[in-house]
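Asker: Model the full structure from these sequences, guided by the hints.
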Amino acid sequence: MDKHGPPIIKINDVRKSFRAADGRERSVLEGVDFTLREGEIVALLGQSGSGKSTLLRIMAGLIGVDSGSVQYRGQPLYGPARAISMVFQSFALFPWLTVQQNVELGLEARGIGREERAERADKAISLIGLAGFEGALPRELSGGMRQRVGIARALVTQPDVLLMDEAFSALDVLTGERLRDDILELWTQGGMPTKAMLVVSHNIEEAVLMADRILIFASDPGRVRFQLAIDLPRPRVPDSAGVRALIDEVYALMTAGAVRAGPAGAAEEPEVLGLHGRLPDADIARMEGLLELLAGPPFHGEADLPKLAEESELTDDELLPVASAIDLLGLARVESADLHLTLLGRRYVDGDHTVRQELFGQQVLANVPLAAHIRHSLEQDPERALPEQPFLRLLQQHLDPAEAERVLKTVIEWGRHGEVFEYDFHAGSIHLPDDQQDEARNSIIE
Amino acid sequence: MAFEKNFFPRQVVEAGNRWDWALLPLVLAALVLAGLGATGMTKPYHLGDPIPLSLDPLQLPYYLLRTTLRMLLALVFSLLFSFAFATAAARWRAAEKVLVPMLDILQSIPILGFLSITVTGFIALFPGNLFGVECAAIFAIFTSQAWNMAFSLYQSMRTVPGELQEAARVFQLSPWQRFWRLELPFAMPGLLWNMMMSMSGGWFFVVASEAIAVSGQNIKLPGVGSYIAMAIEARNLQAIGWAILGMLIGIVLYDQLLFRPLVAWADKFRFEEGGQESAPTSWLLTWSRRTERIAKLSERFTRALESTFTWFRMKHDGTSIRARSTPHSGTLARVWDALIAAGGLYAVWELYSFVHETVGFDEVWHVFLLGCATMLRVIVLIALASLVWVPIGVWIGLRPAVSGRLQAVAQFLAAFPANLMFPVVVVFIVHWHLNPNIWLSPLMVFGTQWYLLFNVIAGASSIPSELRFAAGNLGLTGWLRWKRFFLPAVFPSFVTGAITASGGSWNASIVSEYVSWGDTKLEAQGLGSYIAHWTADGDFHRIALGICVMCVFVMGMNHFVWRRLYRIAEERMHF
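Here the protein sequences come in this chain order: A and B. Residue 1 is where the first sequence starts when you use my numbering, and the numbers rise one by one after that. Residue 1001 is where the second sequence starts when you use my numbering, and the numbers rise one by one after that.
No lab work stands behind these hints, which were simulated from the structure alone. This one's a predicted model, so the numbers in the text were calculated from it and none came from an experiment. Every residue, glycine too, gets a C-beta built ideally from N, C-alpha and C. Treat the hints loosely; a few may be bogus.
As the list claims (entries may be wrong) - Take a look, some chain A residues computed to stay more than 12 Å from chain B by CB distance:
1. Gly39
2. Val173
3. Leu184
4. Ala229
Stated by the list, open to error - FRET-style restraints, in silico, Cβ to Cβ:
5. B:Arg1564 with A:Gly274: 33 to 39 Å
6. A:Ser429 with B:Lys1483: 19 to 25 Å
7. B:Asp1537 with A:Gly428: 53 to 59 Å
8. A:Gly428 with B:Ala1383: 25 to 31 Å
Claimed, not checked - Taking lysine to any residue and the SDA-like style, the derived pairs with C-alpha atoms no more than 25 Å apart in a straight line are:
9. B:Lys1315 with A:Arg73
10. B:Lys1296 with A:Asp122
11. B:Lys1097 with A:Arg24
12. A:Lys409 with A:Glu419
13. B:Lys1315 with A:Ile63
14. B:Lys1268 with A:Pro95
15. B:Lys1296 with A:Thr98
16. B:Lys1268 with A:Gln89
17. A:Lys195 with A:Phe34
18. B:Lys1268 with A:Glu140
19. A:Lys307 with A:Leu343
20. A:Lys195 with A:Glu166
21. B:Lys1220 with B:Phe1114
Answerer: Next comes the structure, spelled out in structure tokens:
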């Protein structure tokens, strides 16, 4: 890292927590140190909820910190700085302003005169390939063109630092790749005034192709788990051996953190899913689809995660939760960047609907403590039914409200699929399946 | 507006263009008329002087001018009030705590209440001039327009999408720039819709606000409302007919010259994408956009606004010590809360001693019973109106061709003052010797039932067509079709409409429980007639008591009935 220039943004031992609905503090970032230097592109990777977007917003001056320091070129940063610009995930264009007016927004706010504004906006617009669209309203443009406006708006103020918050994730793959390549070209040719870029991404390939350095975040609380320097020369070719090897490595690092301490995750102690742990955000249809894909040709039960991502047409942040879910349920095992079908997984794929359901229910009860707890409480209850609120409250003590709801929704979906319990949406209550209410209680658990 | 380009290629002629010549007389005429109205407003006047008015239909255009001018001024003040209120409430937590409940109370106070309290003050403000009375009338119209506009703007400012707010901060927009560039444009469609609703409200109370008969005063300002009041006193049916025609013309003019152009112009502020294919159009907007002088004028206005952006810009960024937020102290907030609580307690005590010393608790109990009578009327009538209008609204909403045309008609009906129905109702009741306690009630929902209708129409027309095909495919018919499909589908919009209708009915009770036609006066026992009665006599204590009780009823009903239904609709029944 010493080949890079002087530091621009320096973050020291930053801690950030949010106050949840019940008044408790929930930690989002814990003890994060980071320095963005001149001449580098840094990518932040991590599962959702790992605080990478929060870190980006702290650097943008949009969110304050609880403790620790944030400095921009030696000066403390209390709010958004003129020299730091940002590109947003959903573009954040003002729909009632034309392309030109949107691009001029930052200049107008600074009180720059009409002629100079127009001249500078023209330059930025043609730099980013939007010439001819100056008078259009954003709603007339496609997603890719809109994000180009967002980038032109960010570049026109000659920022020192450009922050990109999942800037390509709302675009289709092809458009996103085009835009990314255009930006990289501007960067390597010195076409933009910007000295450093920070990219939050959920796409591993994107991070490997763009960044000089990748930071991988861990959740609960968010912290930097690994750092990885990338020395490959630009332009980088997606299918080259060097890039492929790096993608594999990043996959391995990420799954090591997310699923369990595999061979790659050296420093971490094994993580066992607790009663109120974050269940991976995976729906049943995707799990079944992935298992069938894994069992069939050409993989025959053993696959490299990046290949699987390509084959299943899932993005990384869609694939990884599904992989960790089937690992959690013991239907497959994740080891470094590979996924192996277990014997149980084989039985599941070969089985018919009833077999699958029974197996699934059994594995959910055995491996998801929350599901087991719900089932246990239902069996004790004379009504065989309970409201969902107590479970939600239990989760909310440890997770933020939206995440708690998500986890409860996931456990309910899994429980329903395995006929462990049923759920009534209108009443908001969980109950035992009707046909099991009078039966022997542990007929499923055996 | 793509089609304009095809049909009317823009012609640029050196010395103005042909549109200039067409629009110029229109603009000049408008200016002359405004001047004429304004001189009428500021004539010398001493309390007790008779203002010459006649039922001659030839005078009606002048009265219409005066009324529309008053409404326009009230609308401008409502707009200014909304800006001030919404910015204060949305920006400062401390202000929000006081302002929002205050607005909730203000909007449940009937218009006559404001008028009786303020009219003498306004007259004293401009001694020897009619302008004082004019101000009182304008203020009365203002109170029937401002509250929902202010609420709408406040709510929009609170719900500006997060990423746009972040973008505004990253690109260093100052609060002033943020208001004009982000918050106001975002709020514009909702604000305009509420302006139109407010206008209907203004027309509905046009008689009460112009023919001022409060606190022993009896002043009739030249205007359509006074014309109606005089026609009722003189039992002149022909004049009533002329008044209806005059109002119709006034409403159409407002629609064509003000709201249509505004709606067409504000289409660009629509935030959601796609959707509606046909953008609203307005001949006047098209016309003035092609007129060079007006185009230049709006260009100059834009430039002036932009130059204010240079003055009120951020002088520092996030690296300056001035951007450092002082850790906000809990004590200050607690002191403020304590002050508010103390103010509330003091008001309760004052109220108690007021009741104890001046009117007595028997009177309070009496007024409370009257409130119950009016509440019973409101509930029964909203229920009856729902039985009628929900099926009709669903039927219309499912037929887009019909619903587009009916929207305008319903808007006119909502503006139609209940006073115009007095002759029909009085003659009917007197002839059949009916009980006014029952038969005056329909007047209460006369103006407000239309809100039920519009909302149900809007709800029914937004049912996804796939759902309709599915219902047809499953063979849902008869009652099952209504129970499982139509009623749940329109429930959220029905609740919205019913909230507006019930609030409006309470306000309307003061003109509909106390009805006259010539010398015949009919009165229904209720809170509305109680307030109307004591307002005419100018008994402040009883007016205040009546208003307080009405506020309690309206807010109680909102809180315990409507808001709950609204929440159920939000959570369970949306697409």
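Asker: If you check each hint against the structure, which ones fail?
Answerer: Going through the list in order, the structure violates no hint and respects every one.
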